Amino acid sequence: MQQVFTRPASLKDVQTHFCPGCHHGTVHRLTAEALDEFDLRKKTIGVASIGCSVFLYSYFNIDVVESPHGRAPAVATGVKRARPDSFVFTYQGDGDLAAIGTAEIIHAANRGEDITVIFVNNTTYGMTGGQMAPTTLVGQKTSTSPYGRNLEKEGAPVRVTELLSNLDGVAFAARVAVNNPRNLMDAKRQIKKAFRYQVEKKGFSFVEVLAACPTNWGMSPIEANERVGGEMCDYFKLGVYKNTENL
164 MQQVFTRPAS
174 LKDVQTHFCP
184 GCHHGTVHRL
194 TAEALDEFDL
204 RKKTIGVASI
214 GCSVFLYSYF
224 NIDVVESPHG
234 RAPAVATGVK
244 RARPDSFVFT
254 YQGDGDLAAI
264 GTAEIIHAAN
274 RGEDITVIFV
284 NNTTYGMTGG
294 QMAPTTLVGQ
304 KTSTSPYGRN
314 LEKEGAPVRV
324 TELLSNLDGV
334 AFAARVAVNN
344 PRNLMDAKRQ
354 IKKAFRYQVE
364 KKGFSFVEVL
374 AACPTNWGMS
384 PIEANERVGG
394 EMCDYFKLGV
404 YKNTENL
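To get this note's numbering, take the position in the sequence shown, counting from 1, and add 163.
Treat the hints as calculated values from the structure; they're not laboratory data. Treat the hints with care, as some may be off.
Said to hold, decoys possible - Each computed EDC-like pair below joins lysine to aspartate or glutamate, with the alpha-carbon atoms no more than 20 angstroms apart:
| # | residue 1 | residue 2 |
| --- | --- | --- |
| 1 | K175 | D202 |
| 2 | K206 | E196 |
| 3 | K304 | E386 |
| 4 | K364 | D202 |
From a predicted model like this one, the values you see are computed outputs, not experimental measurements.
From just these sequences and the hints, can you work out the full model?
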């Protein structure tokens, strides 16, 4: 009998620590499948930042550099410039990339660094206690916004993909979700496309993935998954926001 589904070679055969219903494991698999499809495992250097995303080195069967909080794009820039033949990607959360790492992501994108960024947006600081993040939705309750995010006081949630897509250095930018089979398959296509941009040396590529954090949201995995497909997708619209192949 032919085996048609197996663990990607770019993932270690270990059990993850992620909470029930967390989408990080799903995004890990999609990323690993893209690495395998381009036969990139042996030449890949991942850059992990702080947050739930930091466990890149525990689960991926690749070389990984750990960076300070928010600084993954800057570290990835140095790695890629020092080793231009390597495939370099960062894996970051919204509390990391969109808050303390705002300067690093904007300037790496604006320079058109030949790296790929996987940005997991679950609208909260997942590792450190569920504090309000730049992407926390208006009205969403967190440990630091117990009455809900206030538009007048905290401003609107940051739409990172739209922000970066306006920069000249960005070659590809898309937002996807992994809450159902249809969205999951599209997420795989867009991650693969973002990786291909780097393989073909076309410049900076970026994929935002809408994901669930049931534990910090105070929801069951099913409720959290439904929130991604409803409230989150309503505000953070899915789609390809920049594709220089079409320009």
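Evaluation of the provided hints:
1. K175 / D202: Cα-Cα ~16 angstroms, so holds.
2. K206 / E196: The hint holds at about 15 angstroms.
3. K304 / E386: holds (15 angstroms)
4. K364 / D202: With a Cα-Cα distance of about 16 angstroms, the restraint between K364 and D202 holds, given a limit of 20 angstroms.
Taken one by one, the earlier hints all hold for this structure without exception.
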